[in-house]
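Listed here are the chains, written in short residue letters.
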Amino acid sequence: MSQAMFDLMLKGLWETLVMTFVSGGLSFLLGLPLAVVLVITDRGGICEALVLNRTLGGVVNALRSIPFIILLVAVIPLTRLIVGSAIGIAAAIVPLTIAATPYFARIAEVSLREVPKGLIDAARAMGASRPAIIREVLIPEALPGVVAGFTVTLITLIGASAMAGAVGAGGLGDIAIRYGYQRFETGVMLAVVAVLILLVWAIQGAGDALTRRIDRR
Amino acid sequence: MTLPPSVALASASRQFGTPPALRDISLTVPQGEIVGLIGRSGAGKSTLIRVLNGLDKPQSGRVVIAGQDITDLTETQLQPIRRRIGMIFQHFNLLSAKTVAENVALPLKIAGVPAPERAARVAELLDLVGLADKAGAYPSALSGGQKQRVGIARALAPRPVLLLSDEATSALDPETTGAILDLLQKVNRDLGLTILMITHEIEVVRQIATRVVVLDQGAVVEEGPVARLLASPRHAVTRALVRGLSPTLPADLAARVSPQGDQALVRIDLAGPSARLPILARIAEITGTPPRLLHGGLNDVQGQPYGRLFLALGTADPDRIARVLHDLSPMSVDLEVLGHVPSDV
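First to last, the protein sequences are chains A and B.
Under this note's numbering, the first residue of the first sequence carries the number 132, and numbering increases by one thereafter.
Under this note's numbering, the first residue of the second sequence carries the number 6, and numbering increases by one thereafter.
Here chain A stands alone, though its shape is the one from the complex (with noise of 0.2 Å):
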């Protein structure tokens, strides 16, 4: 491999990470309050309110709907609106972020309606406030659930901003379809597979490790 075609990899490589591990972040920030929403809102919840819930649950349930390459060209006006343009990394961050929250939120609901219906009545009997239940009782024990399911979010992610090659973000998807793909170079191609299969790995050893060490059920 050339010096010049390493270099291009290592560039890739880079705004892979940071497509992946930024729009990831953001969607932990903005997927697990969702979650949290979702589950209490819910029937028996500690907040109930199902007009919310539906509400919310049907907003979800469509932004999952659309495939993500549509969803990459639809919300250009909003990227450009965010970010004041709508093409690079910062323009591909907008869209990877609007497909993994709701992943992500319905992953972690799952979680959290593990936590026994006991511990929140425990909670609840101790005269803890409902913020107090969500802090010290619904999060902590989903967490390793919700470790799990953000490492399956970021191994996902990593798969979309392939095709964020598409609004000119780079990243190594982009480097296999361009050189692998259209220009037949198999060996780019292959390097590119392997450089994934190691980052992939990585992240879920990464995250199976994490789990284990908060999982004290």
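The set of hints was computed from the structure by calculation and includes no laboratory data.
The beta-carbon is built from N, C-alpha and C at its ideal position, and this holds for glycine as well.
Treat the hints with caution; some may be incorrect.
Claimed, not checked - Far from chain B, some chain A residues (derived; all Cβ distances over 10 Å):
hint	residue
1	Leu141
2	Arg255
3	Gly290
What the hints assert, rightly or not - Here are the simulated DSBU-like cross-link-like pairs (lysine-lysine), alpha carbons at most 30 Å apart as the crow flies:
hint	chain 1	residue 1	chain 2	residue 2
4	A	Lys248	B	Lys103
5	B	Lys103	B	Lys114
6	A	Lys142	B	Lys62
7	A	Lys248	B	Lys139
Guided by the hints, dock chain B onto chain A, whose structure is given.
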């Protein structure tokens, strides 16, 4: 809060479809007592205890805790009251992500107690329940009995005026149950804490309760001091529950009981001071032969003996037996002739 009865429940009902889970229940728990609330499963016990701290709401009626009507309070208004009512659970409900010390500290943290004060109180409580060496352990590393000790320490942390126990020993083995009951009794005696305990085990009531309330199909069917209820249960459900506590005639012996025979077989129920009277000597005097003890047992209820004996009287003479029944009745001993047995049993 210094208060009259810790709990007064004036005709609370709660419906979960038909039949109603609770029907017009009135319940008073005098301060400083351990009241056992017993009933078969589905009798509405757990629903009742959850009504007392507002985890569930009654459909009608009033719930008065320590002189305060909590029936119509919102979740937020209930919070300060719940901080004065400890609760322990059958399945402990400890937080798996927190250590033993953090679990015990949680009610204090919720109540806004500063950290140094919390730590001191937690150390004191872990000492009390005998788990000082487990402060840094996570609940998953504890046995059932240890988990319930943590549950008790956690419930006691904010110095409650009332402790609600929802089948706290039902998931434990008999030995551990005994240790947990001893701890609850100690807490009641040393801290003067009122305890309302729900159970389906009459043995639990016998060991530590002072009063007992019997619940059946969502209604109170009998209540009173434990000694009275165990000695002379009135309602069929109470009798069925108490039966488990008294020895019954072993099957091989029961098979040999017949209407005619050499010796009369009597069942003697003893309750309270009468059990200490020289009953056997008195019987021997009347019948002329010492009675033979075939089966039986004595239990302790509130420091009083309570039990049942099966005796072969050494005679089948109806006149002497009638005299035994007559002479023993003033000693408040409940005696019944069950039949006759051969002299070789």
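Structure versus earlier hints, numbers of those that do not hold, lowest first: Of the numbered hints, 2 and 6 do not hold.
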